[in-house]
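J.: Make the full structure from the sequences, and use the hints.
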Amino acid sequence: MNIIKFDKIINMVKILVISERKEKCNYFNTIFNKNSYDLECLSDENLIYDTVSADNPDVIIIDTQISSLKNLNKKIKNLCPNTIIIYLTSSSVIDKELIKYANAFLTEDMSDDFIISTINVNLRMKSSLEMLSNSNKDLADSLYRLNALYTTSSQFSGTLDKAKLIQYMIEGMDKALSFSLTCTLSFCTEEKPVLILNSLYELSDELIEALKLRTILNYNSLFDGKKMPFEVNSDTLKVVKQIKYPASRFTFSLFRFDNMFAPISLGENFFGCVEIFKEAPFSPDDATCFQTIAQQVSLPLKSATLYQEIIEANIKLAKLERLKSEFISIVSHELRTPLTSIKNSLDILMSGRCGEITESADKFLSMAMRNAQRLSGIINDLLDLSKIEAGKMDFNFAPTNINTVIDYVKSALSEVAKSKGLTIITEQEQSLPDISADAQRLEQVLTNLVSNAIKFTPENKTITISSKLINSKNIPINEYFKDNIKLCDGDYILVCVKDEGIGIAEKDLLHAFDKFAQIENSLSRKAGGTGLGLPIAKQLLEAHKGAIWCDSELNKGSEFYFAIPVAKIEQLV
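First residue of the sequence shown: 223, per the working numbering; consecutive thereafter.
Please note that the accuracy of each hint is not assured.
What the hints assert, rightly or not - Lysine-lysine pairs mimicking BS3-like chemistry, simulated, CA-CA at most 30 Å apart:
| hint | residue 1 | residue 2 |
| --- | --- | --- |
| 1 | K585 | K546 |
| 2 | K690 | K778 |
| 3 | K466 | K434 |
It is worth saying that the hints were derived from the structure and are not from the lab. Just so it is clear, the structure is predicted and the values come from calculations on it, not from any experiment.
T.: Pasting the structure below:
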């Protein structure tokens, strides 16, 4: 057995022999010194306690013949819980009481090599147990850190409040790293830059000023002469303190602590920077965890910034929309008064009450009247739109039969269609149930659809108005509109205005109901119009809990549908 080689590996192992027998002390001194162990022999009880308390030996060999054995066992185990305890016994029978404290036993007749081997085996076992304990501790630390990172990441994903995100970052670093102090320079929690100090102990005004200057220097160093996203001045930099234990106070020795620094940024988006101090040294795993948390918070901070920008943009858009509606309403009302006077004047002139009208004069007066009526229609559309958007449109809901509305519109527009060489026909399902509706508003919707059909249909064609009862599950809604139309279960009255006109390209179908939109082609430009008729119709039908959509193919005509739910009996009573 090559004992010397192992002895060199475990050189200077400390061994304490407790014995009152000098010959045994001399014996152990001979064999252990020969093998390069650091040996000490003691018998005085008080001296033994003082020695092991000051410096725990690696191995304690206790002679079972010592008079104070009973007292020694328990006290030494308490004072040296990680020390190898070996008993020297002359008996072949081992005291059961000693087994509770012993790691091994030596007998009087053991050889030198066997004694050294027993020591070495126990030292190896102790070393292995310490390595296993350290590995378990490292594993526990890693699991704790991973749990802290997971918790922090979950908190990041649960809010778009930038102040909370910064606070979650600081709390996550505290859980994972147990810092003494963090200095977080934030550009996203308030209108001006703010330095957030999270400290274990209180900070003096002088120390805060030093931390401010240090943070500004760290921030400036990130850009190295390049343009900085924000200017930071020590005199105006706001400081927010969060102190855990204000009864104690840090001194300038804080700057001798170990520290780490990182920017809080994502691409070109810069949100601030953070420096962390800790009295104990940081490990490589600590540095990785610190950088991970600083990077993790950057993405939700960017999302929060974009969300805030969207909110602010929506507020501005809502304000602009309100101003636009008010402007339209004011202008429309201001135009209506003089236009009414113009129309009345034209009526008087065309009636001949102001004198005989020549053929040429009649032609120009008729042209003026047509354009005055057209302008009146535009103004009415603008007023209707502003009322609907402001929620001020009045409705007079009552039991209404859709076929009555269809008959009225057909009668009103037949002559206009005939003047263009067009024919209006109806395909009405008889005995349709009533709907709860404002008949005048439905006439407005249907008049608009039929007028559009007349406007965009070439001569010698037919326009068809149909009506029928249908269940919501069987309504043939165009695929382009299905995502925007949600009908309740039940029966509906379905109305369709079909023409053989210019049609609408597939890419333009969804835009047909946009405000001020018109499909661009030669006939639509010739026909003119505000582009408000269909958006008004859409909103009037939504007020009736209905919907409108269209099917069309370029140069092959269009079919405009609208559906209104059948009124329940209690609605009709």
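J.: Each hint needs a verdict: does it hold in this structure or not?
T.: We went through each hint and held it up to the structure:
With a CA separation close to 38 Å, the supplied pair K585 and K546 exceeds the 30 Å bound. As the CA atoms of K690 and K778 are separated by approximately 24 Å, the hinted pair is consistent with the 30 Å bound. Annotation: proposed proximity of K466 to K434 holds, straight-line Cα distance about 20 Å (limit 30 Å).
The structure shown violates just one earlier hint, number 1.
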